[in-house]
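Below are the chains, spelled out letter by letter.
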Amino acid sequence: MKKHILIYLILILSIGVIGINSCAVSNKVQEKTGTQLWGENCGRCHNAPGPGEFSNAHWDIIGTHMRIRTNITQTEEKKIIEYLKTANN
Amino acid sequence: MPIKKLILVFFVVLFSSTTIWSQTKKFPSPTSADAIMNPLAGNDASVIAGKKIYTQLCVTCHGDKGKGDGIAAPGLPKRPADHTSAFVQDQTDGALFWIITAGNKPMPSYKTTLTATQRWQVINYIRTLSKVGKRPLHVAKASEPKTIVKIPNVVVAKPAALKAKPTIIPPASKPAVDKNKTIVAITEQKKSEPVDSVAMVPIELKAQAVMDSAKTVTTLQPPIASLETDTIPAIAAAGSSAQGLNKFAVFGNAEMIYFADKHNNNFGEVNFKPIFLWKISEKLFVEAEPEFETGGGSLNIGLEYANMCYIVNPYLILHAGRFLPKFGSYRGRMGEAFINRFSSAPVGFGDGGIGTMNEVGVGAQGGFGTGSAKINYELYAANGPQILTNPDEAGQFDYESYAANSNAKAIGGRIGILPFSNSSLEIAYSFQNKNKTGEPGTPYENVSLIMQAVDLNYWGHLKVIKTDVRVMGEWKHQKASDAFYYRADSSTYTFKNSPTAYYIAATLRPSHVANEFIRNIELGGRYSKFIRSADAAWGGDTDQFALSLDYWLKWNTVVKLTWQHEKNLDNALYAQVVFGF
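As you go down the protein sequences, you meet chains B and P in turn. Counting from 1, position 27 in the first sequence corresponds to residue 27 in my numbering; the numbering is continuous, with no gaps. Add 89 to the 1-based position in the second sequence for my numbering, that's all there is to it.
Only chain B is shown next, with the shape it has when bound in the complex:
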């Protein structure tokens, strides 16, 4: 019974979050730079490696790998990798 309550709570929360926020991505999120997204998303699980840690080609690979592993959005992946490459340019 307890597990069902937990599941219902999660579902209600999900629906609530979607409803409150509507379907469009907010301006606040849209305006986030690669720098901000890098700090916020990479640090969720592990220490975020800094710009300059890998080559541009490796950043491309890492971006796709992390998108598959953690389901970050494509927009986040692109912005983060673009930022991380800037130290190599």
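To be clear, the hints were calculated from the coordinates, so they are not data collected in a lab. Do not rely on the hints blindly, as some may be mistaken.
[Claimed, not checked] Taking lysine-lysine pairs in the DSSO-like style, the calculated list, with each CA pair at most 27 Å apart, reads:
(1) LYS167/P to LYS78/B
(2) LYS78/B to LYS643/P
(3) LYS552/P to LYS28/B
(4) LYS28/B to LYS141/P
(5) LYS79/B to LYS220/P
(6) LYS78/B to LYS140/P
(7) LYS78/B to LYS141/P
(8) LYS167/P to LYS79/B
(9) LYS154/P to LYS79/B
(10) LYS115/P to LYS79/B
(11) LYS194/P to LYS78/B
(12) LYS28/B to LYS154/P
(13) LYS78/B to LYS372/P
(14) LYS220/P to LYS115/P
(15) LYS78/B to LYS336/P
(16) LYS79/B to LYS372/P
(17) LYS79/B to LYS140/P
(18) LYS140/P to LYS28/B
[What the hints assert, rightly or not] Computed beta-carbon distance windows for the label pairs:
(19) GLU31/B to PRO403/P: 16 to 26 Å
(20) ASP571/P to HIS4/B: 19 to 29 Å
(21) ASP578/P to GLY16/B: 54 to 64 Å
(22) PRO532/P to HIS4/B: 28 to 38 Å
[Unchecked claim] Rough simulated footprint, nothing fancy, chain P against chain B, three-plus residues with beta-carbon under 8 Å:
(23) 23–36
(24) 39–52
For clarity, every value in this text was computed on a predicted model and none was experimentally measured. The beta carbon of each residue, even a glycine, is placed where N, CA and C say it ideally should be.
For chain B, the structure is supplied; the task is to place chain P on it using the hints.
For chain P alone, kept in the frame of chain B given last:
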């Protein structure tokens, strides 16, 4: 006492290494940069614009107050500059402009990201962060020559790319300089840059100044006269195409564990886990991780995953192969050695635990934003778990088999929600269902298994104590349909096969204190419980409490000490070394 000695050695070595690795403080701009005039000096309106840029580009590392305590600081090889400090505030505007323009790894160059005007706006905002009061907007060192000449624009380029006759600045000493990287300055105006936003620089850049900058930044960082350019991206683009479209990399980690309790102490498992990654094209990607493990007196080689991915669109990725299903977040993510802050696994989450681990099959996954939140999902069909029936393991499941034992398939998935715009919290629900887990033709053919999990991960910053805090937790439960199992003496029995496991953990890392040794330390506490039927051969409840002390040598390299108390077992100490590569 081996344990005490181990702890002592641990700290002595790390403290020594911290002292050795301490960096000397020297501002990396050349002395000639001090003479660059701030065209927005005294322009208070520029501070507002500067603050907005600072928030978007600088706060992540330098922190919202500029103290060098941004959320990404812990992973960086050196601490971000404290913009409130006298060390930064005593620099001239020109020096700050130089460093923002040229970059200072790991800080990237902002010469293309920001216009010169925007860089000056940021500098004017940085001046407001001074903890010793507002500093003058332009301070040139008294010893510096003041010969200032307006140069509307300058470029750095290979000689062949130049349209005007260049003024070549030779190195001060050692003649062996790569011609392709020779620093060149010309006075051709860049049309896109307004004249009033361009730096005023000394036209005669002393060779020594170039060498000064080379010593402190990199060997060929451009001086200020060569920072405004469209040529560098062109060169970079050419380099990128030279890399080819099919990109390959190997990353991964190596791990070793030391274990000690009342009766034993020895160096235990060594794991080597390279991850092979191929980005075949923008749409096609392959990732594979073999695993080499010692332990039990032999070398075990396994295939953690070999997953082929097709990126359909921004919201959908299809995959096929052996993969890590997203069931909870411990397995495949938070349990990875360079992410897990403990040297051991929670009870019920490691060997002998419950919940799916590796699957062979196909799936679809993706993520998208909605409002200020994000949703991510995965749905898959796979061979799924297989019931074990030998007396010692009867009623448990094999979650990592390479081949199917029947035509039945498991259907599973996970949906995760990150409700806050800063992605600090994720809550997710996972499930998997398989109707037939046994071998066809046996009494266990129709034993079904339903699995569910809820996981939560939070990451935040306690500003008062300059500490990052993480809270992680997962609850998982599974229920198998009733079956009769055989004991070793051939008698039969049954039990309610619905085990539950959960853990909750929290860690603190004072990532933003000034002391380098302390900010690399992370402390963790974890409680976990595994609830199983007492009637099962492997049954009975157990729980575990663990405390961990970690020291981070790099963003993915860590030394961990974990003390663990587990029901019916001796207290134990684990030490683990994990090197990410």
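Hints that the structure is at odds with (numbers, increasing): Numbers 5 and 10, in rising order.
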